[in-house]
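Can you build the whole structure from these sequences, using the hints too?
For the record, the sequence lines run as chains A and B.
Counting along the first sequence from 1, when you hit position 104 you're at 104 in full-length UniProt numbering, and nothing is skipped either side.
Counting along the second sequence from 1, when you hit position 109 you're at 109 in full-length UniProt numbering, and nothing is skipped either side.
Since the hints were made in silico from the structure, they are not lab data.
Predicted model only: the values in this text are computed from it and were never measured.
Treat each hint with caution, since some may be false.
[Said to hold, decoys possible] Coverage of chain B stretches by chain A, computed from C-beta distances (three or more under 8 Å per stretch; other residues unrestricted):
1. 3-13
2. 51-59
3. 63-69
Heads up, the beta-carbon is just placed ideally off N, CA and C, and yes, glycines get one too.
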Amino acid sequence: MEPFIVTVLDCNVKHGLVSPVSGIPHPDHETTAMMFPTNVKYVFEDDEELVVEHEEDGIENVVVVETNAELEVTHVELISDRFKQLSWNTTQDDPHELHMRVLSRFESLEDEELPLEELIRIYKTRNDQLHSLFNTL
Amino acid sequence: MDADNTVIYVKVAGRDREGFVEPPKFYWDLEKDQKLWLKISRFGNNKSIDWSKLSREFETPEFFLRKRSYRLFSKHLRMLEHEIETKTRGLDVGQELEEDEDEDEDELKENESGQESQAREEEEGATEGAKNLRWSRILNQKIPGDAKAPDSSLSELSNLSVSKSALEEAVLDRLQLWGLGER
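Printed below as a string of structure tokens:
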């Protein structure tokens, strides 16, 4: 059985305002929004005891991934005060690679002197994100 | 979200553990991801990647490095495909312009049916020269929809088509051949 890989993309518009990181660019490095939660625990049918990590251990976000016997992901749920889940999908060529789109808290824009076109883009993006969140309620 | 503040539980229904050993906890972030890409993207064609060495260097399980590398390469390939598509579309625009000019040329030929054949040949030569000059200008134009394209996209197109100097040489040769260079 292959271990799962989970990548998380924060769709908050604030990441779009940050300059791209230096070096050779590639799709995931154009933004600071990509996150890699690599602490993955597995729960099988015959597991008698589940060791749960708690808030005291510094845990702020919990993701529960449900799979069927063929290890196909059937459900994903994010429990967090800082992030809301927008959507998830597994890659076409690898069912063990899970990609989540989340949204962190809205923050005031640091740069208040943005061009009109940029403000319109941010407004539209946030509107779309709010619609996505409402649809999940 | 990272390995310290986030835990992921994968609930596998209808399946026993059957000796599956969970990978050790490890830390991965954008900085490491970028370093990985810098390393793997610079490997030569004849060199194979030493995954064990990379695993020790990044303090990360091999399976993760392999999967992550696969994803980075496949995304880059898609970007390249998109780039080529954009460039090709730019060339297609040029071809359409050339076809329009061919139609104009046909109309011109119909109108001049009464003229002598030698004069017509000279006229065709001039049209051909002008067409080649236009081609040169087309290749110097920015490709539509490619905002990142530099002022002259010719250098990027040099691998896909003939060079600017070769085109201009051909035009000059043609002009001299028909005696237009002296006019």
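Now the hints, each set against the structure:
Coverage of the segment 3-13 of chain B by chain A holds in this model, with 11 residues showing a Cβ closer than 8 Å to a Cβ of that chain against a need of three. Residue count for the segment 51-59 of chain B with a Cβ under 8 Å from a Cβ of chain A: 0. That is fewer than the three needed, and the coverage hint is violated. Closer than 8 Å: that is the beta-carbon criterion, and the segment 63-69 of chain B has 4 residues meeting it against chain A, so the requirement of 3 holds.
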